[in-house]
Each structure stands twice: as structure tokens, then as C-alpha cells.
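First residue of the sequence shown: 27, per the numbering used here; consecutive thereafter.
Treat the hints as calculated values from the structure; they're not laboratory data.
Every residue, glycine too, gets a C-beta built ideally from N, C-alpha and C.
A hint or two may mislead.
Said to hold, decoys possible - Restraint-style ranges between C-beta atoms, simulated for each label pair:
(1) Lys-77 to Glu-56: 38 to 48 Å
(2) Asp-43 to Val-75: 32 to 42 Å
(3) Val-94 to His-34: 14 to 24 Å
(4) Asp-76 to Thr-53: 27 to 37 Å
(5) Ser-38 to Tyr-90: 14 to 24 Å
(6) Gly-55 to Asp-76: 39 to 49 Å
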Amino acid sequence: MSCFISRHSIPSEMEFDPNSNPPCYKTMGEDIVIQQDDEIRLKIVGTRVDKNDIFAIGSPMDDYLGLVS
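Starting from the given sequences, assemble the full structure and let the hints guide the process.
And the structure:
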């Protein structure tokens, strides 16, 4: 299953840093850094089922959601 998270669904205190290696979203104080393949807890807001796969749209903007440490 793959999940898409829109930039508009990322909390406002997180900024995208394209110059990091790898590029990531992080807070100003770098307390939280989310990179590709990190485990995050999110709310599923929509799904689509194809013949071979399941696709989802998610949002990490709610209580108890975000990076799993």
C-alpha cells in the first residue's frame, strides 16, 4: 500500500528542507525531522483500490499523529 500526503496536510510548524541529504521536513529547532521511509502515524482520509494495489491519502495533522520514535 502506498500513501500520499499533501504539502497542505503537513503541520505549519514543519518546513521542507530541499538542501538536506536526503531532503526532509523538519521543525525550526530540528526537534522533529521526517525523511523518506520514516515511520509515521497518520489518519487515512481516502483510499482507492486497483486490481493490484491499494492507494491512500493521509494526513498527520491530528492528536497523537506524526513521527513514530
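How the hints compare with the structure:
1. Lys-77 to Glu-56: 38 to 48 Å: 42 Å, holds
2. Asp-43 to Val-75: 32 to 42 Å: Holds - the Cβ-Cβ distance for Asp-43 and Val-75, about 34 Å, lies within 32 to 42 Å.
3. Val-94 to His-34: 14 to 24 Å: 22 Å, holds
4. Asp-76 to Thr-53: 27 to 37 Å: 35 Å, holds
5. Ser-38 to Tyr-90: 14 to 24 Å: Given range 14 to 24 Å: holds, Cβ gap about 18 Å.
6. Gly-55 to Asp-76: 39 to 49 Å: 41 Å, holds
Checked against the numbered hints given earlier, the structure satisfies every one of them.
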